[in-house]
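In the working numbering, the protein residues as written are 1 to 171.
Just so you know, the hints here were simulated from the structure itself, not pulled from any lab data.
Some hints could be false.
To be verified - The following label-pair restraints were derived from C-beta to C-beta distances:
(1) Arg88 / Val31: 28 to 34 Å
(2) Ser123 / Ser45: 36 to 42 Å
(3) Lys131 / Asp157: 18 to 24 Å
(4) Val170 / Val31: 29 to 35 Å
What the hints assert, rightly or not - The calculated SDA-like cross-link candidates involving lysine to any residue, where the alpha carbons are at most 20 Å apart (straight line), are:
(5) Lys25 / Lys69
(6) Lys69 / Thr7
(7) Lys131 / Met36
(8) Lys121 / Val3
(9) Lys131 / Asn33
(10) Lys42 / Asp157
(11) Lys25 / Ile44
(12) Lys42 / Ser28
(13) Lys69 / Glu107
(14) Lys121 / Pro59
(15) Lys121 / Gly92
(16) Lys142 / Ile166
(17) Lys42 / Phe24
(18) Lys155 / Ile37
(19) Lys25 / Asp43
(20) Lys142 / Gly103
(21) Lys131 / Phe162
(22) Lys134 / Val31
Heads up, the beta-carbon is just placed ideally off N, CA and C, and yes, glycines get one too.
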Amino acid sequence: MNVTIETERLILRPVTVDDAEAVFKWASDPVVNKYMIYPLHKDISVTREWLESIDIDDPNGYEMAFVLKETGEVIGTGGMYCRSGDDRWNIGYNIRHDQWGKGLVPEAMQGLIDYVRSTRKVSAIYGEFAKENKKSGRVMEKLGMTYVRDGEYSKFDGSATFPCNIYERVF
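All chains, please: the whole structure from these sequences, using the hints.
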């Protein structure tokens with residue numbers, strides 16, 4: 001889907017393989033990657049492979065690039081996916097380390113949530129974050145999400161498992 005969402009400071013658009021260099025900047029950064037579900041990208045070819053695997057025409061998923069209006073730089077990505085069959089959408093996001101603490105992720109994700117809610121049935125959004133990753137929890141709180149339960153998740157390659165908090169917002 002060729003969707004463009006505009007917020008105060010950002011433009012959100014589908015992420016593409018052309019974004020590989022920008023995405024590699026944070027996907028290969030151990031500070032950003034520490035709690036991500038994907039393993040550290042050690043080579044840009046891994047980033048390209050992931051970007052090529054994204055189906056931008058999937059009606060049950062959105063993976064968007066966060067583009068700074070001011071500079072045109074891609075500084076992060078975020079997504080929403082409905083895989084449960086019950087109109088509950090999972091959210092996720094990551095952003096370059098030098099952009100942390102500026103309120104950009106809540107701004108971007110609120111824009112995406114508003115768009116998806118205006119075009120699709122959304123009964124709830126939910127997400128999980130490593131208990132140690134308090135900043136991600138703060139993002140979810142800014143999105144109106146609240147604690148539901150404890151859980152755990154592992155990186156795709158099994159290299160790490162994290163106790164996590166699961167947050168949700170029911171509409």
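To see whether the hints hold, each was checked on the structure:
1. Between Arg88 and Val31 the Cβ separation comes to about 31 Å, which falls inside the hinted range of 28 to 34 Å.
2. Here the CB-CB span from Ser123 to Ser45 is close to 39 Å, well matched to the stated 36 to 42 Å.
3. For Lys131 and Asp157, the hinted distance range of 18 to 24 Å is satisfied, since their beta carbons lie about 21 Å from each other.
4. Checked against the hint of 29 to 35 Å, the pair Val170 and Val31 passes, with Cβ atoms roughly 33 Å apart.
5. For the suggested pair Lys25 and Lys69, the alpha carbons sit about 19 Å apart, so the restraint of at most 20 Å is met.
6. Among the hinted pairs, Lys69 with Thr7 is consistent with the structure: their alpha-carbon atoms are about 9 Å apart, no more than 20 Å.
7. Of the pairs offered as hints, the one joining Lys131 and Met36 holds, with about 13 Å between alpha carbons and a cut-off of 20 Å not exceeded.
8. A distance of roughly 17 Å separates the Cα atoms of Lys121 and Val3; the hinted pair therefore holds under the 20 Å criterion.
9. At roughly 15 Å between alpha-carbon atoms, Lys131 and Asn33 fall within 20 Å of each other, so this suggested pair holds.
10. A C-alpha spacing of about 14 Å is found between Lys42 and Asp157, which places the hinted pair at or below 20 Å, so the restraint holds.
11. Proximity of Lys25 to Ile44 is assessed by CA-CA distance (about 9 Å); at most 20 Å being required, the pair is judged to hold.
12. For a cut-off of 20 Å, the pair hint linking Lys42 to Ser28 stands: about 6 Å separates their Cα positions.
13. Between Lys69 and Glu107, the direct Cα distance comes to roughly 13 Å. Compliance with the 20 Å bound is thereby established for this hinted pair.
14. At most 20 Å may separate the alpha-carbon atoms for a hinted pair to count; Lys121 and Pro59 meet this at roughly 12 Å.
15. Pair hint Lys121 plus Gly92 holds up; C-alpha atoms about 18 Å apart against a cutoff of 20 Å.
16. Our distance criterion of 20 Å between C-alpha atoms is met by Lys142 and Ile166, whose separation comes to about 15 Å.
17. As the CA atoms of Lys42 and Phe24 are separated by approximately 9 Å, the hinted pair is consistent with the 20 Å bound.
18. Straight-line distance between C-alpha atoms of Lys155 and Ile37 comes to about 4 Å, which keeps the hinted pair within the 20 Å bound.
19. Under the criterion of a C-alpha separation no larger than 20 Å, the hint pairing Lys25 with Asp43 is consistent with the structure, at around 11 Å.
20. For the proposed pair Lys142 and Gly103, the alpha carbon gap of about 9 Å is at most 20 Å, so the pair holds.
21. The straight-line distance between the Cα atoms of Lys131 and Phe162 is roughly 8 Å, inside the 20 Å bound, and the hint therefore holds.
22. Of the supplied pair hints, the one linking Lys134 and Val31 holds, its CA atoms being roughly 14 Å apart against a limit of 20 Å.
No hint from the list above goes unmet by this structure.
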